[in-house]
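Colleague: These are the residues of each chain, in order.
Number of protein chains: 2
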Amino acid sequence: MKQVKVSNNVIRRLPRYLRKLDELSENGIDKISSRQLGELLGLTSSQVRQDFNCFGEFGQQGYGYKVSALREQIAAILGMDRGFSAILIGVGNIGRAMMENFCFTDWGVDLAAAFDIKPALIGTDYKGVHIYAMEELERYLDEKHVDIAVLTVPKTAAVSVTEILTAHGIDAIWNFTNVELTEPNSSTIVENVHFSDSLLSLSYYVAERRDEQTAGQAREKQ
Amino acid sequence: MKQVKVSNNVIRRLPRYLRKLDELSENGIDKISSRQLGELLGLTSSQVRQDFNCFGEFGQQGYGYKVSALREQIAAILGMDRGFSAILIGVGNIGRAMMENFCFTDWGVDLAAAFDIKPALIGTDYKGVHIYAMEELERYLDEKHVDIAVLTVPKTAAVSVTEILTAHGIDAIWNFTNVELTEPNSSTIVENVHFSDSLLSLSYYVAERRDEQTAGQAREKQ
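Protein sequences appear in the order of chains X and B. Using the numbering used here, the letters of the first sequence map in sequence onto residues 293 to 514. Using the numbering used here, the letters of the second sequence map in sequence onto residues 293 to 514.
Errors might be hidden in some of the hints.
Computed cross-link-like contacts, DSS-like style, restricted to lysine-lysine with a CA-CA straight-line distance of at most 30 Å [as the list claims (entries may be wrong)]:
hint	chain 1	residue 1	chain 2	residue 2
1	B	LYS436	B	LYS447
2	B	LYS436	X	LYS513
3	B	LYS410	B	LYS436
4	X	LYS410	B	LYS419
5	B	LYS419	X	LYS419
6	B	LYS447	B	LYS312
7	B	LYS410	X	LYS419
8	X	LYS447	B	LYS312
9	B	LYS436	B	LYS419
10	X	LYS436	X	LYS312
11	X	LYS410	B	LYS447
12	B	LYS358	B	LYS410
13	B	LYS419	B	LYS447
14	B	LYS436	X	LYS447
15	B	LYS513	X	LYS436
16	X	LYS436	X	LYS447
17	X	LYS312	B	LYS447
18	X	LYS323	X	LYS312
19	B	LYS323	B	LYS312
20	X	LYS358	X	LYS323
21	B	LYS410	X	LYS447
22	X	LYS410	B	LYS410
23	B	LYS312	X	LYS419
24	X	LYS447	X	LYS410
25	B	LYS312	B	LYS358
26	X	LYS419	X	LYS447
27	X	LYS419	X	LYS436
28	X	LYS410	X	LYS436
29	B	LYS513	X	LYS447
30	X	LYS358	X	LYS312
31	B	LYS358	B	LYS323
For the record, the hints were derived by calculation from the structure and aren't laboratory data.
Throw the hints in and build the complete structure from the sequences for me.
Modeller: Put into structure tokens, the structure is as follows:
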């Protein structure tokens with residue numbers, strides 16, 4: 293599929309559309325209008341249509357979208373059909389959590405190897421993935437094609453490992469370290485996982501509810 | 293601060309503004325225009341102004357925003373000044389990773405206790421947080437005020453633990469389990485952490501780059 297430059301905001305919404313379409317499929321729904329889909333996601337119907345128009349024509353005026361076809365098209369736009377390969381670096385708590393619970397293949401990504409410095413882990417397999425010594429990383433990168441590095445090392449190792457990765461041609465890093473990895477004009481694609489964004493959205497909704505409760509109590513007292 | 297109903301999309305952008313403003317502060321920048329702030333975040337200046345107008349008047353026409361004042365206002369809107377308390381349930385890989393690496397207090401949240409079923413963990417402290425037995429959860433909820441439950445239990449325990457939480461008045465769950473926790477009309481505030489959204493955005497950018505590389509090679513051959 294030909295890719296066109298689209299705004300970051302549209303790209304950020306595509307995985308949410310994908311999840312919602314999967315949910316609809318599971319519930320046996322095979323057709324949906326832009327208005328309905330927008331309502332489910334808190335977007336206007338024109339926003340939904342605009343988002344999909346970035347990538348060419350989906351759906352039909354007055355008919356809506358076929359859920360399975362739209363799902364396949366979005367999956368293709370997101371590169372889920374490219375067979376990207378990934379390696380995970382740092383088999384600590386968060387690394388193990390990802391290997392154990394996150395199904396990379398569901399999202400079209402093959403987790404091919406993991407790397408760590410702990411002797412007890414090196415040479416073992418965890419959830420079907422072989423754990424190599426960190427010293428083997430450079431040779432691995434030279435010999436194999438790797439699209440994405442999942443960076444789950446401690447903060448202190450984040451920059452030095454990133455230098456090895458970029459020096460050996462890795463151009464995409466999924467960064468769990470909370471360390472700013474690259475210079476502003478670096479060509480490396482870095483996706484930072486910011487847990488705080490998620491917690492703060494939750495915090496907003498809790499604050500909103502507490503205010504409503506306080507207002508409710510004030511009304512009762514009157 | 294009085295809270296008004298604002299769209300989910302605005303709320304999702306507020307933590308990103310906050311992070312960017314913190315970054316600007318660290319770099320000694322104390323004033324910024326809506327155009328500049330928008331450029332840094334891939335938004336238009338009118339989008340930025342609209343977002344902030346949801347919460348009343350920030351900044352001055354022709355002057356821009358004072359970074360520190362705007363930061364404080366956004367933090368207050370997000371409830372970071374409310375002193376929310378949280379408990380973490382499930383001290384497995386992801387639970388430990390959050391206790392170890394995620395600084396709850398930076399975001400105005402006090403992680404007051406953790407709960408697990410493993411005898412070796414119960415009664416110990418991890419990163420300054422006491423780990424209680426799961427059997428103590430109900431009494432704890434009855435005796436203490438808890439705003440947010442961080443749910444990091446295995447998938448199989450997700451629903452049963454959620455039932456205990458909601459039965460004891462918890463109305464906000466930060467859900468790391470990838471399990472759909474509540475009925476569509478439930479009043480529980482659930483924030484799901486979807487790692488896949490982040491990976492798929494990264495995957496999109498990798499696909500885009502691979503297409504550019506392929507196009508570049510095709511041009512060279514001509």
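Colleague: Would you check the hint for B:LYS358 and B:LYS323, treating anything up to 30 Å between C-alpha atoms as holding?
Modeller: holds, 5 Å
Colleague: Is it true that the CA of B:LYS436 sits at most 30 Å from the CA of B:LYS419?
Modeller: holds, 21 Å
Colleague: Taking 30 Å as the top limit, are the C-alpha atoms of B:LYS312 and X:LYS419 close enough?
Modeller: violated, 37 Å
Colleague: Need the status of pair B:LYS410, X:LYS447: alpha-carbon distance at most 30 Å?
Modeller: Since the Cα atoms of B:LYS410 and X:LYS447 sit roughly 28 Å apart, the hinted pair holds (cutoff 30 Å).
Colleague: Could you grab the alpha-carbon distance between X:LYS419 and X:LYS436 and see if it respects the 30 Å cut-off?
Modeller: holds, 21 Å
Colleague: Tell me if the straight-line CA distance from B:LYS410 to X:LYS419 falls inside 30 Å.
Modeller: holds, 22 Å
Colleague: Would the hint linking X:LYS447 and X:LYS410 be met if the CA-CA limit is 30 Å?
Modeller: holds, 16 Å
Colleague: Compare the distance between the alpha carbons of B:LYS358 and B:LYS410 with 30 Å, and conclude whether the hinted pair is satisfied.
Modeller: Not satisfied, since the Cα-Cα distance of roughly 50 Å exceeds 30 Å.
Colleague: Can you confirm whether the C-alpha distance between X:LYS410 and X:LYS436 stays at or below 30 Å?
Modeller: holds, 23 Å
Colleague: Taking only the CA atoms, is the gap from B:LYS513 to X:LYS436 under or equal to 30 Å?
Modeller: Holds, at roughly 25 Å.
Colleague: Holds or violated: are the alpha carbons of B:LYS312 and B:LYS358 at most 30 Å from each other?
Modeller: holds, 13 Å
Colleague: Checking one constraint from the list: CA of B:LYS513 to CA of X:LYS447, max 30 Å. Satisfied?
Modeller: Roughly 44 Å separates the two Cα atoms, so the pair is violated.
Violated hints, listed in ascending order, are 6, 10, 12, 14, 23, 29; each of the other numbered hints is respected by the structure.
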